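There are 2 protein chains.
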Amino acid sequence: MLPWKTIISIDRESSKAVYLQIVNAIIREVSQGRLQPGQRLPGTRKMGELLGINRKTIIVAYEELMAQGWIEVASSRGTFIAEHLPLDQAKKLGPSATKIVRPIIDSVLPDHFPAVDLYQTPPPHRLSLNDGSPDVRLTPMNIVLKHYRSAINGYMGPKLLGYGAVEGQLKLREELARYLSETRGLNCQAEQILITRGSNMALFLSFYALLKKGDTVIVTAPNYRSANWGIEAAQGTLVEVGVDEQGICVEEVKRVCEEQSIRAMYLTPHHHYPTTVTLSAERRMQLLQLSEEHDFLIFEDDYDYAFRYDSAPILPLASVDTSGRTLYIGSLSKMLAPAIRVGYLVAPAPVIQQLSQIRRIIDRQGDPPLEYALAQFIKEGELQRHLKKVVKVFEERRDSFCALLSTHLAPFIDFTKPEGGMSVWAKFKYPVDTQKLVTACLQHGLYLNVAHEFLPKYQGLRLGFASLNISEQEEIVAVLAKVFPDL
Amino acid sequence: MLPWKTIISIDRESSKAVYLQIVNAIIREVSQGRLQPGQRLPGTRKMGELLGINRKTIIVAYEELMAQGWIEVASSRGTFIAEHLPLDQAKKLGPSATKIVRPIIDSVLPDHFPAVDLYQTPPPHRLSLNDGSPDVRLTPMNIVLKHYRSAINGYMGPKLLGYGAVEGQLKLREELARYLSETRGLNCQAEQILITRGSNMALFLSFYALLKKGDTVIVTAPNYRSANWGIEAAQGTLVEVGVDEQGICVEEVKRVCEEQSIRAMYLTPHHHYPTTVTLSAERRMQLLQLSEEHDFLIFEDDYDYAFRYDSAPILPLASVDTSGRTLYIGSLSKMLAPAIRVGYLVAPAPVIQQLSQIRRIIDRQGDPPLEYALAQFIKEGELQRHLKKVVKVFEERRDSFCALLSTHLAPFIDFTKPEGGMSVWAKFKYPVDTQKLVTACLQHGLYLNVAHEFLPKYQGLRLGFASLNISEQEEIVAVLAKVFPDL
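Protein chains in written order, with the working numbering: chain A, 233 to 719; chain U, 233 to 719.
This is chain A alone, in the form it adopts within the complex:
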């Protein structure tokens, strides 16, 4: 009698079912030659006793082994390791080699792939400061969910739960076309809109489709790093151009275009990421003119158009572009909540069709009931009501935050009150060590997630105020006021 209890060691703490532990142990022993074809196995009752396990579990394990061809039952004589093993068959195909269990694939990224940071689970903290997110506590998620529930329980339900259009739910495309037309002068129809997974997928699709290896793309310095990553992943070459208080420096763009062939430009015109500067109307016209003259495309990422406080927003480049070179990108993630992964891309209808073909192989389609619910949310004016409310709240929060910064942090940082958006771009008056800053804040319970990748080169931090009520702002600025003098 073999030492079955040793051969088949059962770990009752394991998350793996006991019968599978038995199955795997026997396959392992057979594969490694320690159990031989024809070897007799104890009966199920006996094996159960030997292992201290319910007989029924042994029966299930034996059935599985039999179904897989590892063991055979010879009528009344008992159960045996099969004469004609699955492994034997495999061995006949070529020389066998016993290898240790290890991951063969360990490097999977293409050589040109950028060094992309993943989201880090925040350390424990009492306060946190982001780089400009909406306050999800103000988002009427229960209204969205109400529409979601109505959608799936209504007559459309079975359809919405099945496969759907790659381009997104028609109803949402229609509502967005109307909304963008009414609020931003974007004279577009549903067929010019592709619903994406946040603006991120809109960027990915644009870069994937429109950039070839070595294509040059003008970006601002500093720039939204996700966009830079996307361009680099598509093997595009970044050409950096500076930003001043009117946005990207057009004269510099012009110079670059005269020196080399430019395929495209990536812009966050309506408040520049990370500096929050608004691109002036004049420069918008100049850039459009340049894009015609030098035949380059414009990826217009208008992620925070909705949040404007002092003056009317400036029309997007896409609204005045008469040459069809602008792709317009936005997202409900910023208007509602980052977890609502519904973005949009506006482009000529034939382009939308082709981008959809790419989207088809990436993730097939979006989330039809959620898209349907959001369409209803827009149709009933709830998006507009929500935005009207939060724009007012965010304006007050901007004012109070800027007042706090002026009062408590003036010796350390410079900043300009932003005309819109959800954050302040604060520049240290002296160089600061990033790690020291982050660690010091954390010691006071403050988790910093403020695009501090810009700190070494630009001495800037992007301080998001929109998600903080006034007392949170006071607490956070108090921590910064304690930490800054020691940096």
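No lab work stands behind these hints, which were simulated from the structure alone.
These numbers were taken from a predicted model, which means no experiment stands behind them.
Wrong hints could be hidden among the right ones.
For chains that are exact copies, the list does not tell them apart, and a pair is met inside one copy or across any two.
What the hints assert, rightly or not - In silico DSSO-like cross-links for lysine-lysine, where the CA-CA straight-line distance does not exceed 27 Å: (1) Lys391 - Lys624; (2) Lys248 - Lys621; (3) Lys620 - Lys391; (4) Lys621 - Lys288.
Could you slot chain U onto chain A? The hints should help.
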């Protein structure tokens, strides 16, 4: 006085706000030189009268034009087209060229991109037959939604509505690790699981990361076309191998491997798409052996493992692979509803980290509250309960459907009752014209969506039974019995 009513023609039926129509009309006239710098505009009250529009709307339009630099107010003298136009500035930058408004970008797909079909909105119909989808009417979506609502209204709410882990919610990765371990012998931990948007994104990520231009990938003929598209989009080269009643022909695989270098193999082992054949345990071992000998990867797409009727399911290749060459792919879309776009990919932890970097630039992350809700759904045993129930229902539906096919369609088609899955692979006994078939069915109110792309080459249709109750099956087979004799 200019004919302002003609120049600014207002379309009250338009979805574009009236003030924006005015703004755009004036910008257009200025851009095209019909309104000149210094030209005086009527006052707001006068312009309102001329256009028959509320004065307040004119004020808003003028404010917008002023903000954008198109018009100027000269104290009491009135409002004028600006001397220093945004457009003028642009013109100074280089030679101006008036172009017609047309989309410059019309072709965006890379040359190697496959001809991908988009989802077509079905024509009106009374009955429909798919290629193997679950019955969403049986899916307890209200339980999922209940968990969704609890998640966002609970203490985790604000966190779940913000940005989250690229790899997916840890709680769902943990629950899936346990579930896959218990049900499929996949001995994996949370860090070996990447939550994706359906299995589609898992495939896309695998191909994007692991295939270089010209890499050869063995696929079955016929094969799931989304997989072929993904491989082709990654510039991989398809090498087709036949399928018999035990699955992919291993001898043929072996021959191919001896003739050329193979990078990977794509399999749907656990019921082959589209033929529904189960890959035998013996062949699985042989393929693993070959993958070691010839050093190729295996993309194991086990999309319908959960649906098995006659015998125990066979363990996935990934469960017995000792060399770390298998990437295991599955989805909750097939277990619950196609609209639930939550899939998973199981691979060594370092691979998951690198695939996550790619995922980060595609769509940043999944849908945290939905993932959290699904984790709860699995944790409370609701997924297993649901599957137990529907496997029973689907088995009955398979039996009744096969009986109907035998009774009514035997003269026209051959089929083998599948051991699992959600469809029957039926082969016509004679060649059939696809368009004629589809049109004839539609004339009887039946919309066919049965992977008939295989019809010309393989004479096969993939008839999904799982979403049809018995009376629907009867109606549909009656239509087919009417249509088939005339083909």
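Status of the hints after comparison with the structure:
1. Lys391 - Lys624: So Lys391 and Lys624 pass the 27 Å test across copies only (24 Å; inside, 39 Å).
2. Lys248 - Lys621: between (51 Å within a copy, 23 Å between copies)
3. Lys620 - Lys391: between (33 Å within a copy, 24 Å between copies)
4. Lys621 - Lys288: between (63 Å within a copy, 22 Å between copies)
The earlier numbered hints are all upheld by this structure, with none contradicted.
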